[in-house]
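A.B. asks: Line by line, the protein sequences give chains A and B. Residue 3 is where the first sequence starts when you use the numbering used here, and the numbers rise one by one after that. Residue 275 is where the second sequence starts when you use the numbering used here, and the numbers rise one by one after that.
Everything labelled a hint here was simulated from the structure, so no lab data went into it. Any given hint might turn out to be false.
Unchecked claim - Listed next, the in silico SDA-like pairs over lysine to any residue satisfying Cα-Cα at most 20 Å (straight line):
| no. | chain 1 | residue 1 | chain 2 | residue 2 |
| --- | --- | --- | --- | --- |
| 1 | A | K149 | B | K334 |
| 2 | A | K184 | B | K439 |
| 3 | A | K149 | B | E345 |
| 4 | B | K439 | A | Y189 |
| 5 | A | K146 | B | R360 |
| 6 | A | K146 | B | K334 |
| 7 | B | K342 | A | S505 |
| 8 | B | K334 | A | I137 |
| 9 | B | K439 | A | P455 |
| 10 | A | K312 | B | K439 |
| 11 | A | K312 | B | E332 |
| 12 | B | K342 | A | K428 |
| 13 | A | K184 | B | K341 |
| 14 | A | K428 | A | G409 |
| 15 | A | K184 | B | E332 |
| 16 | A | K146 | B | K406 |
| 17 | B | K342 | A | S153 |
| 18 | B | K334 | A | D308 |
| 19 | B | K341 | A | K428 |
| 20 | B | K341 | A | P455 |
| 21 | B | K342 | A | S305 |
| 22 | B | K334 | A | E181 |
Quick caveat: nothing in here was measured; it's all calculated off a predicted structure.
Letter by letter, the chains look like this.
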Amino acid sequence: MVLNGSQILANVLLENEVDTIFGYPGGAVLNIYDALYEYSDKITHIMTAHEQGASHAADGYARATGKTGVVLATSGPGATNLVTGIATAYMDSVPMVAITGNVPNSLIGRDSFQEVYIAGITMPITKHNFVVRNIKDLAPILRKAFKIAISGRPGPVLVDIPKDITAATTEYEPAPKQEADKLLSCYGDNISDIAEEINNAKKPVILFGGGVKNSNAGVILKRIIGKANIPATHTLMGAGVLRYDMPENLGMIGMHGSVAANKAVNNADVVITIGSRFSDRVALAPGKFAKKATMIHIDIDQSEIDKNVKTDYHVIGDAEYVLGELEPLLKEAKRDDWFAEINTLRRDIPYSTGGEMMHPKEIMDIISEVAGEDGLFVTDVGQHQMWAAQYLHHVKAENFLTSGGLGTMGYGYGAAIGAQIGTGRKPVFHITGDGSFHMNMNEACTAVTYNLPVISICINNEVLGMVRQWQTSFYGKRYSSTDPGRKTDYVKVAEGFGAKGYSCKTADEFRKALKEAVEYGGPVWIECRIGKDEKVLPMIPGGGTVDDIIYE
Amino acid sequence: MLKRKYLSFLVDNHEGVLTRISSLFRQRGFNIDSLTVSATNDGSLSRVTIGMSGDDEEIKQIINQTKKLYEYEGMFEIDPNDSLIRELLLVKVAANEHIRSSLLELATIYKAKIIDVSDGSMVFELTGKPIKLDSYIENLKPYKILEMCRTGATAMQRGKVKLSK
């Protein structure tokens, strides 16, 4: 059947079971939006306030559902507004297809109105990108984009479509859904040698990251932890794979990781790293990281091997597959001495409650209590993000969405909207800070338009807390541009958008407001006031080791 | 000790593939000495030759990152002891009647070709290993080099084709 480019786009989306996309219209994508009008019974288009919000929504949708997120924007500024969202997805290995319109082929390269070379701009932040030059290439390119996004280590792919291509016609032949090229083998060092190292270890530790989430290796990981009796720590991206209260779970590692996790890795004789890339927030001093340990690295991306931290053994492959090979070779073990040693390494950071304002841990405890085990949490970036990572009761990998690699302030609202639409979860908890929230709070209009039960809990210390904390600790309390003196009335602004707003100081007020918000079933903002001197603790400064942990 | 090393990749002959490779190297901070992209006997493929001085870790990262490119199709083995590494030099030297003969003498030693003689200048062409070109240029320094360009190295292993994925 002969279709135009825009109809072909709609059909390739449908081939790939895409029923929801996020975007914002504009001149270069008018034909595409005309096709979306035609296909509106099959494809729901969610219009956000800003293209950045749409890109984060596609990301949140993908993380919460495991499906590929799709975002659509017009040429020029529409395309550049996607950049932060694409980079966020790239750094956290989130499958996304970003579609941008461009000026017609005849106008490309002439500095035409709203023309930008988005393929060049996004080259370093996509797995791959395409410019469609010929209508005959459109369907094959779009299919490749879906395949690349989900194969191997997932990530974003951008397809730039000039306007004339969206109107040109060609024969369309349906194709099956694109499936990931799943790596059903692995290569590198011998798995039996690795198993022997683990079996002979006295003090092994598992360190895992987002790769375990992406490959759904959580179940087998838990079995291995049980069988070989190995304590495990996770990166920010690995939160939720293990239950927060599982005895072998040492919590998060790294800059704001638990003392036990960081010290256990430091004392370990074997560290098994799975689906994690030793970022500078995990291995703060790469040359001194787990110095006493034999290092084993399992990752799907060969370029991660020896990139940041040198390892003794490595296997390149899908985590679930590699762990499946490893499991039968591991001996049952009991490592009571090692766990006893780790117990002496634990150190809780004291905090006080019942003061004039809440402690961040109280806020997280109340959120966990009200949300229960099905709570889906989306954070922004900063202190609140670390408190959420440290204190929320994580039970499921897909229930904690956060911008780890890029650390994108303003990620949360869009991502929460995407996650809510993707899962239908009532509600989704968007945990934010006053700094991050101000970046993209405009997405309240989206939440109101579609009446989405997204509860934005804004932890307000009136300052840019994370940067200010560094200024307190390392810059002699010279608070440069971290105390903006904003006078935002969150309740009024929420109401102005057509959402509901609360402002709380005490734990009782917050618990009551949060319960009401859950009942309400639409978009709600809850401001939680905290003191500006609250810190994220413990902390290992950049480049430091366990000898440099700051406790207060 | 930094090793001079040549890497030779086979990539899809797409528009923008050169940009993508150079963008990757810039992004990752790889130091490369030369980069050439050329046609091959297969019209759908291009061959990329990279000359670089780096330690083994850096070379490994370049290889692993390049392999992740969607357009990557393979890598040729280039063992410096058993490979043909060639570069082309064009150099325009100021030449009056008095020095022409000594320039000619130097060209003969290096087997450089004279490809132009104009009023006041001569252009020499020299093909060979980059190190030979370096040496020729060094010997031309006492003269006045007016203009010079080099293509960057291209390389091929002797004997059997060893292409790995």
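A.B. asks: Against each hint, give a clear statement of whether it holds in the structure.
C.D. replies: Each hint tested on the structure:
Of the pairs offered as hints, the one joining K149 of chain A and K334 of chain B is violated, with about 27 Å between alpha carbons and a cut-off of 20 Å exceeded. For the hint pairing K184 of chain A with K439 of chain B, the CA-to-CA distance comes to about 17 Å; that is within 20 Å, so the pair holds. For the suggested pair K149 of chain A and E345 of chain B, the alpha carbons sit about 14 Å apart, so the restraint of at most 20 Å is met. Only pairs whose Cα atoms come within 20 Å are accepted, and K439 of chain B paired with Y189 of chain A is accepted, the gap being roughly 14 Å.
About 37 Å separates the Cα atoms of K146 of chain A and R360 of chain B, which puts this hinted pair outside 20 Å; it is violated. Restraint check for K146 of chain A and K334 of chain B: the C-alpha separation of about 28 Å exceeds 20 Å, so the hint is violated. Distance restraint check for K342 of chain B and S505 of chain A: the Cα-Cα separation of roughly 49 Å exceeds the 20 Å cut-off, and the hinted pair is therefore not satisfied. A threshold of 20 Å between alpha carbons decides the hint, and for K334 of chain B with I137 of chain A the separation of about 39 Å lies outside it, so the pair is violated.
The straight-line distance between the Cα atoms of K439 of chain B and P455 of chain A is roughly 49 Å, outside the 20 Å bound, and the hint therefore fails. Straight-line distance between C-alpha atoms of K312 of chain A and K439 of chain B comes to about 24 Å, which puts the hinted pair past the 20 Å bound. For a cut-off of 20 Å, the pair hint linking K312 of chain A to E332 of chain B stands: about 13 Å separates their Cα positions. For the hint linking K342 of chain B to K428 of chain A, the alpha-carbon distance of about 39 Å lies beyond 20 Å, and the restraint is violated.
For the proposed pair K184 of chain A and K341 of chain B, the alpha carbon gap of about 17 Å is at most 20 Å, so the pair holds. Restraint check for K428 of chain A and G409 of chain A: the C-alpha separation of about 26 Å exceeds 20 Å, so the hint is violated. The suggested pairing of K184 of chain A with E332 of chain B is violated, with an alpha-carbon distance near 29 Å, which exceeds 20 Å. Annotation: proposed proximity of K146 of chain A to K406 of chain B is violated, straight-line Cα distance about 45 Å (limit 20 Å).
The straight-line distance between the Cα atoms of K342 of chain B and S153 of chain A is roughly 12 Å, inside the 20 Å bound, and the hint therefore holds. Between K334 of chain B and D308 of chain A, the direct Cα distance comes to roughly 9 Å. Compliance with the 20 Å bound is thereby established for this hinted pair. Distance check on the hinted pair: K341 of chain B and K428 of chain A sit about 43 Å apart at the alpha-carbon level, beyond 20 Å; violated. Taking the CA atoms of K341 of chain B and P455 of chain A, the gap is about 44 Å. The hint is violated against a cut of 20 Å.
Annotation: proposed proximity of K342 of chain B to S305 of chain A holds, straight-line Cα distance about 8 Å (limit 20 Å). A hinted pair counts as satisfied when its Cα atoms are at most 20 Å apart, and K334 of chain B with E181 of chain A does not qualify at roughly 30 Å.
Violation of the numbered hints given earlier is confined to hints 1, 5, 6, 7, 8, 9, 10, 12, 14, 15, 16, 19, 20 and 22; the remaining hints are satisfied by the structure.
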